[in-house]
Each structure stands twice: as C-alpha cells, then as structure tokens.
Amino acid sequence: MFRWLAARAASLLLVLLTVLILLVVVLGATGYSDRMLQAVIGEQLRAMREGLAQRIKDPEELERALADLKAEMERAVGLDRPWYARIPETVMRVVLLDLGDARSARSSAGSTKVVDILAERIPNTVVLVTSSLLISAVLGLAIGAWLARRAGSRADRTITYASAVSSALPSWWIGIVLLILFAYHLRLFPSGGMLSSPPPEGPLLRTVDVLWHAFLPVLTLVTISLGPSIYASRTMLLNVAQEDFVSVARAKGLPGRVVSWRHVLRPAAPPIVTGLILSLPASLGGAILTETVFNWPGMGRLYYNAVLTGDEVLVVALTYLYTLMYVIARFALEVIYVYLDPRVRT
Amino acid sequence: MSSSESAWDVVTGTWPGRVGVALITLLALLSVGVLLTMPLDFGRVWNDPSAWADLPKAVPPVWSAFLSGVKPSLQRELVLRATSSGPGYEVLESVLVVDSDLPPSHLVVKVSSVSFRSGPPAILVDVLRPDGIDVPIARITPPGPRPGESPPYVRYAERPYRFELSQGSEGISYLASELSLRYGAELKGTEPPPDLLFGRPDPVSGGLEVLRGTYLIRATVYRSSDDDSVGSISVVLGGSHYGLVGTDGVGRDLLLGLLYGFPVALGIGLFASVLVTSIGALLGVLSGYYRGKVETVIQRAADVVANVPLLPILIFLSFVLRPSILTIMALLVAFSWPGLAIVVRSMVLQIVPTPFVEASRAIGSSDLRVMFMHVLPQLGPYLLAQTVFFAPSAILAEAGLSFLGLGDPSIPTWGQILELGFRTGAVFTGYWWWVIPPGVLLAITGLAFASLAMGLEPLAAPKLRRV
Chain A
1 MFRWLAARAA
11 SLLLVLLTVL
21 ILLVVVLGAT
31 GYSDRMLQAV
41 IGEQLRAMRE
51 GLAQRIKDPE
61 ELERALADLK
71 AEMERAVGLD
81 RPWYARIPET
91 VMRVVLLDLG
101 DARSARSSAG
111 STKVVDILAE
121 RIPNTVVLVT
131 SSLLISAVLG
141 LAIGAWLARR
151 AGSRADRTIT
161 YASAVSSALP
171 SWWIGIVLLI
181 LFAYHLRLFP
191 SGGMLSSPPP
201 EGPLLRTVDV
211 LWHAFLPVLT
221 LVTISLGPSI
231 YASRTMLLNV
241 AQEDFVSVAR
251 AKGLPGRVVS
261 WRHVLRPAAP
271 PIVTGLILSL
281 PASLGGAILT
291 ETVFNWPGMG
301 RLYYNAVLTG
311 DEVLVVALTY
321 LYTLMYVIAR
331 FALEVIYVYL
341 DPRVRT
Chain B
1 MSSSESAWDV
11 VTGTWPGRVG
21 VALITLLALL
31 SVGVLLTMPL
41 DFGRVWNDPS
51 AWADLPKAVP
61 PVWSAFLSGV
71 KPSLQRELVL
81 RATSSGPGYE
91 VLESVLVVDS
101 DLPPSHLVVK
111 VSSVSFRSGP
121 PAILVDVLRP
131 DGIDVPIARI
141 TPPGPRPGES
151 PPYVRYAERP
161 YRFELSQGSE
171 GISYLASELS
181 LRYGAELKGT
191 EPPPDLLFGR
201 PDPVSGGLEV
211 LRGTYLIRAT
221 VYRSSDDDSV
231 GSISVVLGGS
241 HYGLVGTDGV
251 GRDLLLGLLY
261 GFPVALGIGL
271 FASVLVTSIG
281 ALLGVLSGYY
291 RGKVETVIQR
301 AADVVANVPL
311 LPILIFLSFV
321 LRPSILTIMA
331 LLVAFSWPGL
341 AIVVRSMVLQ
351 IVPTPFVEAS
361 RAIGSSDLRV
371 MFMHVLPQLG
381 PYLLAQTVFF
391 APSAILAEAG
401 LSFLGLGDPS
411 IPTWGQILEL
421 GFRTGAVFTG
431 YWWWVIPPGV
441 LLAITGLAFA
451 SLAMGLEPLA
461 APKLRRV
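So the sequences go chain by chain: A and B. All residue numbers for the first sequence refer to our numbering, where the first residue is 1 and numbers rise by one. All residue numbers for the second sequence refer to our numbering, where the first residue is 1 and numbers rise by one.
Do not rely on the hints blindly, as some may be mistaken.
Derived SDA-like pairs: lysine to any residue, alpha-carbon spacing no greater than 20 Å straight-line [claimed, not checked]:
{"hint": "1", "chain 1": "B", "residue 1": "Lys293", "chain 2": "A", "residue 2": "Lys57"}
{"hint": "2", "chain 1": "A", "residue 1": "Lys113", "chain 2": "A", "residue 2": "Glu43"}
{"hint": "3", "chain 1": "B", "residue 1": "Lys293", "chain 2": "B", "residue 2": "Asp367"}
{"hint": "4", "chain 1": "A", "residue 1": "Lys70", "chain 2": "A", "residue 2": "Asp34"}
{"hint": "5", "chain 1": "B", "residue 1": "Lys293", "chain 2": "A", "residue 2": "Ala7"}
{"hint": "6", "chain 1": "A", "residue 1": "Lys57", "chain 2": "A", "residue 2": "Leu45"}
What the hints contain is simulated information worked out from the structure, not anything from laboratory work.
Could you build the full structure based on these sequences and the hints that come with them?
Here it is in structure tokens:
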C-alpha cells in the first residue's frame, strides 16, 4: 500500500515540479523574471535612499553609494547572471511564495505582501470547492443509485444523457443566468461577495450571511460536478449489480438493503472515487470562473483581478498554488481510494 | 442488428445521435453561410467603434419590446431632400411620423461631401414639432480654407461629419423652458435630449411622455456661392430597441458578433480536437507497439502532463505570452493529449498480439505499415468519437480564457462578448440580451458535439451495441 501511495506521491510531486519549471522557464525566457526582480530592487532602493541621504550629504557620493548598493543587490538576487542560471533559486522563491509585493491587490489588513494576500484568500476558495464537491458527490451517489435501480427507464435515459452532456456546457455561465434571475430580477440573493456590508453582528448571523452569499456560487459549482458524479455512480453501480456475487447474495435471501450496501455499494466505491478524481480539474477550473462571476473573495477572483491589472507576481503565485491545491486534493483522493480498495492495500 | 447496418444508421439510431447530427448540421450550415456572406476580417470592423457610431448603445432586441407590450422606436436614417431654394440658400426637409411609446435613443445629424469656393456654407437644422414648437438643434459650419489650400475646398468627403444632439446643444434649454411654460411643468433641461425633443410633460406622472404626431426635420443651407454644394444631409434616429439580439455598450450589433462566432467556435473545436486526437493516438500507438523505453517515456510523461491543472496553466501562459487564437489552441493541445495516449496504448496492446497483425509481420511488413494499415484502422471509430468528444472542451477552454480577459482580441468570440457584457456590469444592469445569447450558443454547440459523441459510442465500442 505504501509503495503504491509513494509512487503516486512521486508522480504528483513530479507534476508540481514540472509546473514550477515551466513557470520559471517561461518567465525567464520572456524577460518577465528580470523585470520582476528589478522592480523589487527599485522599490528597496527608493526606501533606502532617504536614510542614505541623511548620512551622505554630497549628491555625487550619494549616487555612487546607491549604484554600489544596486549592484550588490543585483548580485544578491542573481541579476548579474542569465535567467537560466537562476532557475533553482527562482523555483525556491515561487515554492516559498517569496515573491515580494503585489502591484495593486491588498490584504484586508492593507498588506501588499503576496503571502499575506494569498493567506486570506485560500480558505475562501477551499470552502467553496470542497463544499460543492461534497454536495455533488453525495447527490450524485443518491441519484446514481436511484437511476441504477431503474436502468433503461425513461427517467434513467433522460438524466443519464443530461449528466453525460453537462460537462460540455459552460456551467460557470449558469452563474450569470442565476445572478440575473435571482439577484437582479427577484432580489432574493446578493449579487456577489461573501459578506453584506456592513457585516452583521454576532457569529450566528455572520454564518447565516456567508451561507446566503455562498448559495448561488455553490449551486453553480454543483452543476459543474454533479453530472459526471451521477454518471460515474450510475454506471459503476449498474456494472457491479450485474456481477454474479450480487445474484448469489440475492439468491441467499439477504435483505435488499444489505445487498445494496454490502455487495453493490462497497465494491463500486473505488471507481466512484476515481470519477471524483477525474472531475477535480473541471471543478477547480470552474471555481476560478465561478468566483469571478460571483465576486467571491477567493483565489479565482484574485486571478481575474491580477490578469486585469497585469499583476504578474500574483499570476505566478496563483498558478503555482492552484497546481499545489490540485496535487494535494488528488493525493487525498488517492488515499481514500487505497482505503476503499482492498486490492491495492495489500 | 444486421451486419449491413451502416455507420449512419447506428448514429441516427439513438436519440442523442439524432440530436447531435441535427445540431451539428445546423451549426455547419450557419458557419458556411457566415463565411460566405461576412467579411473574413470582420474582427477589424468589430473593433472599430466608428463603424457602430450610429447604433444605439446597450439596447435590448426589438422583439422584447413587443413582449412587454411597448411600441419601440425603431432605428432609422432619414435623408433630407431639397424642397425649395432661393438666392444664397437651399432648404432640405424630411417628414418624421412618431407613433412609438418610447423616444429614440439618440439623434445624429450627418453631413457629407461639402464643397465650397470662398467661404464655407452654414447649415442650420431645426425640428418643427406637431405642437408647433420650432426647435433649432444644430448649426454646422465646415472649417474654412487652410493656408496653402486651393479651391474648391472639399470637406467631410471621406467620412461624414457627425453632430450628436446633447444636453449642451443649442435649442435644448430653449425647448425645456418652452415646454415648461406651455404645459405648466418643471423641466430642468437635464432630461435626455431625445426625450425632450420628441416628448411633452406627462401631467399624471410628472415625467416626459412621447408626443405622437408628424415632425418636420428641416435643414437650411446658406451658401456664399451658387457653385457650393452639400453632398447629403441625413438624420439618424437611434432605436430604443435594436435588431434580433440588441446591441452592446459600443453600439455593436450583437447579432453580427454572435453569427461570426459560429465558424470561429466550430473552427476552434475542430482544429484543437483533430490535433489532440492525432497527437494522442500517435503517441499511444507508438508506446503500445514498441513497448520498452519508448513506452516508459511516453506513458510517464502522459501521467505527469495529465495531472497538470489545465485552466491555471492556460491562464498563466496566455497572460505572459499574449498569444493569438492559434497559439491558444496549440497550448491547449499540448496539455490535453495524455488521456488519449494512455487509452490508445492499452487498446494497441490488445490488437498487436492478434493473428492478422502477426501474419502481416510474418510476411515482412514494416513497422510503419503494420501501425498505419493494421493497428490504426481498428481504432478509427474510437478516435472519431474522441475527436467529436474533445471539441467542446476546446471551445469551452477558449470561452473560459476569454471570460477572464485573455482571449485573442483580433477575433470576436462568444466568450469575449460574454466577458465584455459581464465587465460592463450586465449582472447589475440586467443586460440579459448581452450575456444570455452567447452562453446559450456555447451550450448548444457543446450539446451538439457531446450528443454526437454519444451517438458515435456504439460505433466506437461495438460490444456495447444493444441487439
């Protein structure tokens, strides 16, 4: 089991490394990384200039001191070497999110540090994605099981068709339709954001307020992953239900519920998790667009704003973080898979 | 099922197949029609605001007015015709009958090709309302001779001079006070000028209502010489509603943008999916046929690339490289081949040991011949289904990128129209006609390809065919 998990972990780490190298190489080859570092140095020099100006009165000497400082700093960050010689350091900077300041985004406390901004955005995205994935997993299993029992019926054919084609539809656009309908015309839900302004007092009211704001975005995200979830559950349950051991269990006279839980659901569980694994990238991508639509203060909305304002530091950090998030979620599902499938557990 | 059953019968034998074939045919016909009738460089027209200056900005489609029981004011352009002339002047007129519930969205006077010998002519435009108020709305004088220029002086020949009625226009404040006096209402003159020009105070609501009746639009041209001429004078009245889909914030006819999106979307889908299928199938066949190191390298690479989250990487690369639509597609393909390479490899593993492949090898067929003549044809139906299946992912990926503002600006796509509508605040202003239709078209296209792929499934996996 551990060998198997270790192999998966190695493969996923390789994914992370590939993405990191891709990021760094593209940034380096296009000259972006040089400009980013120069901006950081320029910022620091401006800050130091005043301090120096108090000690050194001669303007020429001051300029010389500043030029020395600049050269020293450029050497320190490696700007005196070509970009490909700096790849390992740059990879480390991205990994540690040591990327300096965002251009225009701010954390709620007013910090411009990339780390601070991201730290308060990550939980918002995680809450949105995990809750919608959980909802669609549970709903998908329930509807899938219901359909599997009616395989071939009109309801089965219709819903199976609908869930199979749903991945080809622009689900995030449904968010826009929901907004126009429920926020603009009916005024039942807020048109975006995560909290009313001013936010209500007290933890209970605050939670209710967040849930009220989260309803439409979660609904949109569920429509993205529900279809594949239903389709996978139904097909897997149907496949298992046709196995001989299920017929034997029925022939033995076991109660229907025991057969469903122990003989059908149990062996179908691992492939259903595989279905979840496969729908993960679509959910993450959908979350970026859905957050943008609903102005949800997560990483996706930050991505949109960073692209709009040309904030390359944030775009790099977010691309890395999304890959990291995907890799972690993927690994968590692999662990669940190992737990559910006795064949790989030996 | 009989063996003579053709591929066509299999695909059209299921409902998804029928829906898919019907929709794809419709999309293809529309695309061909668009390619034949619209200019190929429509992107340039689309991005040129002066091409859309006459159209009203962000107005809903005409049919929506009838749905809500309102008689809309339609877009029209009246060319003023000469009715009388005298020494040094000429009068051009046009009659306008207003019987709509809504006033025009804007009024533009257009003057083109003025030519004069000494001093420029002066053009005075006024509107005679049904209630007898005569409102002067414009006084247009082309610029006089420039130093070094010799007569005849020609002005506004390449593009007409445009005068748009605005709050500061002459006559509007006069009209406001005249209306206040006559109808006993309080008008400030800050009301939209067309509402004032074609309206009167409504005693019940206190606002302005449309004054129905016959208006006379009149231009008087004062010339300094009889040789001076004015090419044409026309008045554009912007519709309160426009066309089949309405207009966007620049005044662009959304119908044209959406129509142009058909060949673009189909092109994106087919180009990317054919490329992905070719690359994925080739790498899959190579790794399944040669095994050994080739297989290890390709399959390890596939395992890694398959796990790269697509949208973030595409966002990053589009952001840094600002690519054209073809490059976007190439990037999409570069990260989408692994799934197919993995499946095709396992299929090839089952085909290679079969007797006919062995026989072909035994009589000395080259590896290439075996791969392309014996292995690949067996995968044909599956690959076809995969090509169709992948098309909507490519279209949606482009739409997603465009929605984040990373599309190729030289070619309008449904995603870009959606993005501009969203960024203009469609959700807060209720511009449904701007954001709903492009999404519906994306959905229909996705549905078409997905349904066709489902219809092709029995061909791709014959064992699943129900007898």
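To see whether the hints hold, each was checked on the structure:
{"no.": "1", "hint": "B:Lys293 with A:Lys57", "result": "69 Å, violated"}
{"no.": "2", "hint": "A:Lys113 with A:Glu43", "result": "13 Å, holds"}
{"no.": "3", "hint": "B:Lys293 with B:Asp367", "result": "17 Å, holds"}
{"no.": "4", "hint": "A:Lys70 with A:Asp34", "result": "14 Å, holds"}
{"no.": "5", "hint": "B:Lys293 with A:Ala7", "result": "19 Å, holds"}
{"no.": "6", "hint": "A:Lys57 with A:Leu45", "result": "17 Å, holds"}
Hint compliance for this structure: hint 1 alone is broken.
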